[in-house]
Amino acid sequence: MKHIVKTLILGLVMSTLAACTEQKPTTGLYLLLDTSGTYTKELKKAQQIIHYYLANLEPGDSFAVARIDSGSFSEKDIIAKVTFDHRPSRANEQKRIFAQSIQHFIETVKSSAYTDINGGLLQASEYLNETQVSRKIVMIFSDLLEELPKGFKRDFDLPLTDFEVVALNVTKLSSDNRDPKLYMKRLDFWQKRIELSGATWRVINDLEREDALVL
Amino acid sequence: MPIANIIPGQPVLSWILVLLCATLVLYFIRQSAHQLLDNLTQLLVQNLRLLSKALLNLSKQMAVRNRDVLFEHGQQQAERALERQFIRLSNLVEKDLSRYPSMQRDIEQNITSMEDKLLLTSQVPAPLPEWTEAVESISKLKDTTKNDAVVGKLLQAIYEAFHKQQNEVMNVYRADIAKSHNQLKGAMSHWRRLHHKITEVGQSWHLLIQQASKMDHQVEHFENLVKGTDKAENLLKASSTTQFFISMIVMVIAGFGAFVNYNLIALPMSELMPATSQVAGYNVADIGAAVIIMLEITVGLFFMESIGITRLFPVIHFMEDKKRMIWAWVCMIFLLALCGVEAGLAFMRESMVADKALLTSFLVGGEQAVTQASQQEHSNIPMIGQMMLGFVLPLILMFVAIPFESVIHTGRHVLGNLLVQICILLSTLLRTLSLLIKQLNHSLKNVYDILCFAPIWIEHLIESRPKTKDHRSIKNTDDDEVQNKQIKTEPKLLDDASLDERAES
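If you're matching them up, the sequences are chains A and B in order.
Just so we're aligned, residue 1 is where the first sequence starts under our numbering, counting upward by one.
Just so we're aligned, residue 1 is where the second sequence starts under our numbering, counting upward by one.
These are computed hints drawn from the structure, not numbers from a lab.
Incorrect hints may have been included.
Cβ-to-Cβ under 7 Å is the rule here; a few derived chain B residues that face chain A [stated by the list, open to error]:
#, residue
1, 25
2, 263
3, 266
4, 270
5, 271
6, 276
7, 278
8, 355
9, 359
Note that this is a predicted model, so its numbers are computed, not measured.
For every residue, glycine included, the Cβ atom is placed at its ideal position computed from N, Cα and C.
Let the hints inform the model, and build the full structure from the sequences given.
Written out as structure tokens, the structure reads:
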């Protein structure tokens with residue numbers, strides 16, 4: 001009888017402890033890199049950003065980098081993805097491999113003819129929802145000028161509820177210089193589209209500001 | 001409807017009318033209003049006084065309890081001190097007594113040697129010189145010239161013999177004296193040894209007397225504690241408060257030590273425990289590190305208990321000596337194992353920091369930077385220092401058991417005293433509040449009377465008018481009635497004795 005009582009008490013204590021144990025809030029970061037036209041020249045900056053986040057992400061966090069090309073709603077466009085191991089040493093190793101993959105991509109990247117930002121955002125939402133992270137962040141390293149090939153339809157509502165979308169390094173095109181309204185209109189369009197889908201919107205153009213880049 | 005329009009077109013009159021009516025209403029309900037204020041005041045004041053008394057009684061009870069606890073603790077301490085003194089005395093006596101037989105033998109030997117030496121130095125009287133008989137014979141010779149020459153020769157011969165013998169005797173005597181001196185010189189060392197031994201005995205006795213006097217002092221202190229004298233109480237209070245604060249300071253220092261230890265092992269613990277899990281908002285790895293430190297302190301506490309330095313756990317304290325020593329060894333082995341674990345974790349920490357630095361170099365400068373960083377010479381001193389710290393800190397934290405015990409024992413009394421003081425302060429505040437409420441009641445009644453002063457003044461005028469006898473008698477009876485009524489209606493505040501009873505109940 002005593003043994004049964006002891007076992008029950010032990011079980012109760014263990015189950016209470018197990019119930020108290022919860023998962024640490026994790027962050028999922030999905031970075032979309034624009035590879036269209038002349039924007040490929042900006043990718044060195046993107047690499048620095050990637051390295052910055054690699055240094056700051058913690059075990060348990062997820063990180064993926066994907067390219068925006070003519071049809072971005074595809075797993076093939078994901079350059080590197082990882083969910084960091086709970087052991088810091090293993091996570092460091094994963095970060096090294098990740099950085100090498102990015103290095104290889106930047107050295108071998110070829111410009112794409114079109115820019116499918118919506119497809120990339122859809123792919124990002126799919127990936128981040130799968131990883132079941134607490135905080136979902138999508139970063140778009142692009143000039144935000146979408147150009148779709150013929151036959152591609154992107155007039156759907158983006159499933160980005162509770163997402164944070166950050167536009168990085170939104171460069172001004174030569175047409176924007178002639179008519180700045182185009183630039184403002186473009187930014188306004190994306191802000192409305194993102195906010196309508198239930199996400200928050202932020203633009204960071206000065207990549208030197210570390211406080212703005214902090215997650 | 002605005003007050004100014006009660007009498008249309010006459011705002012002043014309207015206001016006067018309203019004020020008049022209000023004054024009259026106030027005058028008519030004056031008795032009841034005063035009664036209401038009195039009742040409310042009585043309710044509040046009596047409850048406050050009751051609460052104040054209850055707090056005061058509680059503080060008295062707590063003070064008595066504190067005193068008991070203080071004396072109990074003091075007696076325990078005195079018993080321990082007395083026990084220690086007895087052990088010291090016993091050791092001293094045992095040590096001295098074991099030496100006494102050999103010392104006695106030594107002293108006896110020395111005395112015997114000295115006696116022998118003295119016997120050797122005893123002088124034998126020198127034999128009478130033989131020439132005295134010759135001198136006696138010469139003196140008996142007849143006084144003639146024939147004999148003068150013979151006597152002269154004889155005397156010459158005697159003189160020479162005398163000188164010769166004198167010299168011989170003197171030589172023998174000097175040799176004897178020198179021999180005796182040598183013998184006595186040899187006895188001097190025995191004498192010194194004897195003196196040294198006796199001085200040693202004297203010192204031992206002096207130590208014993210000192211110890212006995214200390215014990216007398218302790219016994220006197222213990223007797224005072226048993227009697228519960230004020231002097232003993234004051235001494236205990238002062239000692240207890242001082243000990244509490246000193247122990248607290250040491251505990252705070254130990255807390256900082258534990259914090260350093262925690263930081264040393266928190267990072268590497270994330271390699272051993274899931275870094276992505278949390279309990280109540282804290283990382284499991286961090287909790288694990290804190291648990292290891294707490295385990296070290298606990299094991300240290302048990303070790304100190306088992307070797308008899310602290311007395312927090314009676315179960316360990318009353319164990320058989322052999323079992324207690326086994327327990328102490330087990331604790332020490334566990335503690336050393338934990339020290340080893342900490343040293344390992346410190347080593348792992350250094351490796352992780354180096355790995356992180358390499359990763360940062362790689363992310364900032366690429367492979368080239370990593371190669372450069374790896375080619376640089378690294379000092380092992382930080383790693384060795386961290387490992388040593390990891391090994392030593394748990395052993396140092398073990399000593400926190402002593403101030404911890406002191407805090408536990410003295411904290412009860414110090415906190416108890418603090419609670420007593422708080423109770424007294426609250427009681428005083430409640431008393432003051434009740435007095436304030438009483439005064440407020442008087443003031444409110446006066447303000448009320450000011451508001452309806454006109455009717456009261458008229459009433460006063462009527463009352464102070466000269467009266468006829470009949471009127472007076474009627475008035476008297478009326479006054480009596482009013483007085484009786486007042487006695488009946490006026491709230492009666494409870495006296496202290498009844499409040500005491502209520503508070504105690």
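Next on the checklist: Less than 7 Å between beta-carbons is the criterion; does residue 276 (chain B) satisfy it with respect to chain A?
Outcome noted: With a minimum Cβ separation of about 3 Å from chain A (threshold 7 Å), the hint on residue 276 (chain B) holds.
Checklist entry - Given residue 271 (chain B) as an interface hint, is the shortest Cβ-Cβ distance to chain A below 7 Å? => result 5 Å, holds
Item to check | Agreement of hint residue 355 (chain B) with chain A interface, Cβ distance less than 7 Å | outcome: 5 Å, holds
Next on the checklist: Given a cut of 7 Å on the nearest C-beta pair, is the interface hint for residue 359 (chain B) held or broken against chain A?
Outcome noted: 5 Å, holds
Next on the checklist: Restraint: residue 278 (chain B) near chain A, CB-CB cut 7 Å. Satisfied or not?
Outcome noted: The hint holds - residue 278 (chain B) has a Cβ within 7 Å of chain A, the shortest such distance being about 5 Å.
Checklist entry - At a threshold of 7 Å, is the proposed contact between residue 263 (chain B) and chain A supported by beta-carbon distances? => result With a closest approach of 16 Å, the residue 263 (chain B) hint is violated.
Next on the checklist: Interface hint check: residue 270 (chain B), Cβ to nearest Cβ on chain A, cutoff 7 Å. Holds or violated?
Outcome noted: 6 Å, holds
Next on the checklist: Less than 7 Å between beta-carbons is the criterion; does residue 25 (chain B) satisfy it with respect to chain A?
Outcome noted: The hint is violated - residue 25 (chain B) has no Cβ within 7 Å of chain A, the shortest such distance being about 66 Å.
Next on the checklist: Less than 7 Å between beta-carbons is the criterion; does residue 266 (chain B) satisfy it with respect to chain A?
Outcome noted: 12 Å, violated
Of the hints listed earlier, those the structure fails to meet are numbers 1, 2 and 3, in rising order.
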